[in-house]
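A.B. asks: Take a look at the letters that make up each chain.
There are 2 protein chains.
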Amino acid sequence: MSKDKVVFAATKPLVVHNSLTDKKEEFIAEHDSGLIGMYVCGPTVYSEVHLGNLRTFVVFDLIYRYFLSHSKTNVRYVRNITDVGHLEDDGEDRISKKAKIEKVEPMEVATRYTNDFKEQLYKLNCKNPSIEPIASGHIIEQIDVIKEIIAKGYAYESNGSVYFDIEKFRTKHEYGELSNRLIDDLISNSRKLKSQDDKKNQHDFALWKKADNEHIMKWNSPWGEGFPGWHLECTAMSQKYLGKRFDIHGGGMDLKFPHHECEIAQSVSIYNEGPANYWIHTNMLTNNNKKMSKSTGNSILLKDLLLPSKYNKQKPYSNHAVRLFLLSAHYRSVLDISIKALDDCEILAKNIIDNCFSLGDFKNFNKKSQVNYEEIENIAIKCQNALNDDFNTPKFFAEFTSFNKLIKKVVNGELNIDKKNHSDLMSFYQHFTRIILGFGYENLPVKEYTEKVGIDLLSLLLMIRDNFRQKADYETSDFIRDELSKLGIDINDKD
Amino acid sequence: MSKDKVVFAATKPLVVHNSLTDKKEEFIAEHDSGLIGMYVCGPTVYSEVHLGNLRTFVVFDLIYRYFLSHSKTNVRYVRNITDVGHLEDDGEDRISKKAKIEKVEPMEVATRYTNDFKEQLYKLNCKNPSIEPIASGHIIEQIDVIKEIIAKGYAYESNGSVYFDIEKFRTKHEYGELSNRLIDDLISNSRKLKSQDDKKNQHDFALWKKADNEHIMKWNSPWGEGFPGWHLECTAMSQKYLGKRFDIHGGGMDLKFPHHECEIAQSVSIYNEGPANYWIHTNMLTNNNKKMSKSTGNSILLKDLLLPSKYNKQKPYSNHAVRLFLLSAHYRSVLDISIKALDDCEILAKNIIDNCFSLGDFKNFNKKSQVNYEEIENIAIKCQNALNDDFNTPKFFAEFTSFNKLIKKVVNGELNIDKKNHSDLMSFYQHFTRIILGFGYENLPVKEYTEKVGIDLLSLLLMIRDNFRQKADYETSDFIRDELSKLGIDINDKD
Chain V
1 MSKDKVVFAA TKPLVVHNSL TDKKEEFIAE HDSGLIGMYV CGPTVYSEVH LGNLRTFVVF
61 DLIYRYFLSH SKTNVRYVRN ITDVGHLEDD GEDRISKKAK IEKVEPMEVA TRYTNDFKEQ
121 LYKLNCKNPS IEPIASGHII EQIDVIKEII AKGYAYESNG SVYFDIEKFR TKHEYGELSN
181 RLIDDLISNS RKLKSQDDKK NQHDFALWKK ADNEHIMKWN SPWGEGFPGW HLECTAMSQK
241 YLGKRFDIHG GGMDLKFPHH ECEIAQSVSI YNEGPANYWI HTNMLTNNNK KMSKSTGNSI
301 LLKDLLLPSK YNKQKPYSNH AVRLFLLSAH YRSVLDISIK ALDDCEILAK NIIDNCFSLG
361 DFKNFNKKSQ VNYEEIENIA IKCQNALNDD FNTPKFFAEF TSFNKLIKKV VNGELNIDKK
421 NHSDLMSFYQ HFTRIILGFG YENLPVKEYT EKVGIDLLSL LLMIRDNFRQ KADYETSDFI
481 RDELSKLGID INDKD
Chain G
1 MSKDKVVFAA TKPLVVHNSL TDKKEEFIAE HDSGLIGMYV CGPTVYSEVH LGNLRTFVVF
61 DLIYRYFLSH SKTNVRYVRN ITDVGHLEDD GEDRISKKAK IEKVEPMEVA TRYTNDFKEQ
121 LYKLNCKNPS IEPIASGHII EQIDVIKEII AKGYAYESNG SVYFDIEKFR TKHEYGELSN
181 RLIDDLISNS RKLKSQDDKK NQHDFALWKK ADNEHIMKWN SPWGEGFPGW HLECTAMSQK
241 YLGKRFDIHG GGMDLKFPHH ECEIAQSVSI YNEGPANYWI HTNMLTNNNK KMSKSTGNSI
301 LLKDLLLPSK YNKQKPYSNH AVRLFLLSAH YRSVLDISIK ALDDCEILAK NIIDNCFSLG
361 DFKNFNKKSQ VNYEEIENIA IKCQNALNDD FNTPKFFAEF TSFNKLIKKV VNGELNIDKK
421 NHSDLMSFYQ HFTRIILGFG YENLPVKEYT EKVGIDLLSL LLMIRDNFRQ KADYETSDFI
481 RDELSKLGID INDKD
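Protein chains in written order, with the numbering used here: chain V, 1 to 495; chain G, 1 to 495.
Okay, chain V solo, but in the shape it has when bound:
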């Protein structure tokens, strides 16, 4: 397989819907170096993530892969792990609360669910981010940011805590630009957290919280023992690893307010500008048209789809199918989960894998090629243009169908192809399936060796086939050989 990046002749420029302006804008990189900086808000690691959460991370994996595939760009993708500071409505830290229930050290809770989160994304063929910083691991950096905000006059200390002063901020800057809400709405929507009576205004948010004696996760600071506010970590860590101004900031749409609004306020208060050029927000996954969430109890987990369960009628879906499903709607649209949609994705996934193998095994080249480069490139350009249009995946999948049809015709012998065009067809198909969509099928021959069941099933098949050959039933033995060949397993009968 070609490791080179595919170069396109004439595609439209990338446009991105910027939540900040609510408009589609042409993407122009912040730095001339071609290094794209992307920051995505990761999970708060206190429980298992559900498919709705995973949708966001699969979408940004596609965007990450899109930029990585470009010949002229490289990407530093930073996705954080929140293990401190994300408070429940009762004012208690989510992870500390879970640790109390489970009677373990908070960091044990964080470690368990961080591992679990990463394992699920691994199963969904997501690439690891370049850097995956942890909130509790950046306390000094967060304290430094607080000091700067205080120095600028936009934060005040009160009883061992430090709050961001929104009224003061509003005298010079706009607040609420991203979520496009009126300040009165914001004020009335501010959550009343226990033990935050020391704020000047209800809607001021905490940069540093004083810790009670019973609080486990706390650190020394210029304001006494405490812990950072949730919004602060992303400002501190994005700035540390991507600089004060970078290209893309992403997350689920429920993070727009207050989380991202507060992040912007923090950056503006120090640098007079927000942290990112483009804000990208993913829409929600619904179950029977209701938002999937832990609180409503209608969450579906990845394992519910990958293992036999009521959600798949006891017939597990492949990881590829689930990934395709999570990409099947445009990221800004609501996606509703259904057996029908998942079944369709399973068929598409199987189709793609079949095409990859049969195209790879194809040998019947014909110099009088009925397939030419322009035709192949034309499909590729349409596919790429769909992605260039704000990562429009449903439009992409519609265009991508032409590839599958063409490959079926080539493989079935309906259309002649020569070696050169076959090679180009392979390159473009792999660009979209392996690099962009993330099909990890190139690992299969290795896994087949390392996975016991794979080996044993294969041994069993070979044993059965040998029986047929000994009985001179070559029709059946050839059938098994051909089926295995489609899976990329070639048998040489040397005897």
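These are computed hints drawn from the structure, not numbers from a lab.
Any given hint could be a false lead.
Since the list can't tell identical chains apart, any single copy or any two copies may satisfy a pair.
Unchecked claim - Taking lysine to any residue and the SDA-like style, the derived pairs with C-alpha atoms no more than 20 Å apart in a straight line are:
| no. | residue 1 | residue 2 |
| --- | --- | --- |
| 1 | 340 | 288 |
| 2 | 12 | 382 |
| 3 | 147 | 222 |
| 4 | 240 | 216 |
| 5 | 100 | 74 |
| 6 | 127 | 117 |
| 7 | 172 | 66 |
| 8 | 313 | 342 |
| 9 | 315 | 459 |
| 10 | 256 | 203 |
| 11 | 315 | 481 |
| 12 | 199 | 259 |
| 13 | 419 | 373 |
| 14 | 350 | 463 |
| 15 | 368 | 463 |
| 16 | 409 | 18 |
| 17 | 103 | 74 |
| 18 | 350 | 305 |
| 19 | 382 | 14 |
| 20 | 72 | 168 |
| 21 | 244 | 216 |
| 22 | 103 | 224 |
| 23 | 147 | 224 |
A quick note: this is a predicted structure, and the numbers were derived from the prediction, not measured.
Starting from the known structure of chain V, fit chain G onto it as the hints suggest.
C.D. replies: Same frame as chain V, now just chain G:
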């Protein structure tokens, strides 16, 4: 499979070789709660780990599993990731240096090799530690430790750096107890690092290092911008997550000096005692009787064994076999790698998996059991006693052979067994294979669904079998069903 912990009637108490006293000592838990604290020095994440490094972590995984399997104990296992402070002989930070060569941000280097390290241990069926703290994520904690050492009078600031004052320490405490070296040796062996001319004595070690302008990984501190010394992180993080005194501190034997010696000095200077009751050090892995190491260039990587390579004559070993090999010598002995030893482990691994499946499928119970509980428990006690003798794995494997012989006889029908004794035999066998040795075969049915090749091979087999059933060739179709059943895949023919 039983999830309960096996309870033994009469095993010898656990004795552990304590590097501190160079004696075998009976293990007595530090806390009455039964919560064992274990801290193991993890990797410096600037390159791929080799099999010699992996040996250490597989050994401690066995020890972790040993304690987890005990009915009366629980374990908090902490293993750190060193991403800052580990200096090369030229005084440069290992990760910064690699980052310069690769032209990336140091944290990208650390992230890449941390992911790589964890993936390799996952392949070797190692359990995740309870907490996996990162050095750069605990700067405040390290600064707090330095302050305490300074307050006790055992450290001094010099030109923006802070050093541990070994001569001052020696006026009240012993230094060199663990590595059992004379102080003159230590002094002459101290590495001369660039830009450490500001020390009182050559053998003083850095707690905090002033950072040059070009230094990337640096933090604010009471002594100016800098970064922590390597030995400090383990004191700060073990204390944070396990308390000032815990049960076991482990690592490779090359860490005894200076790393662990310095850790002890740091703890003693604050608390008048070292951090751990038992120090466990693993011996080295050799290749042709020469120590495997990056610098000598004779390293073998895990992938060299799991993928076709010259090291396995193009015939990959299973992950189970490699794990068994790494445990085949006692952890305090040198282990030399060879094709013969790995081949033997492959046979043993296959034998264990076969026994697990055939014992699980066994149905020919006979009420006149020729196998009785005493016999089964007797083997189990001998196996457990081998482990209780300083985790003596070669002794364990010798005793374990009796289990394999007994199971073969039962499965072959040479010895009758009733349901009760079969169940006990299963429980004990699973205790040692699944829980202690870490055979992950219970995950196979899941993997089989999620791995494309597994699914397709299975579909193919089922399709072939259906053909036979339609032709009323039940002999062949039943043969396939029975073979699949041995692999743990049950088919229900409901029609």
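A.B. asks: Check each numbered hint from earlier against the structure, then list the numbers of those it violates in ascending order.
C.D. replies: Failing hints, ascending: 7, 15, 16, 20 and 22.
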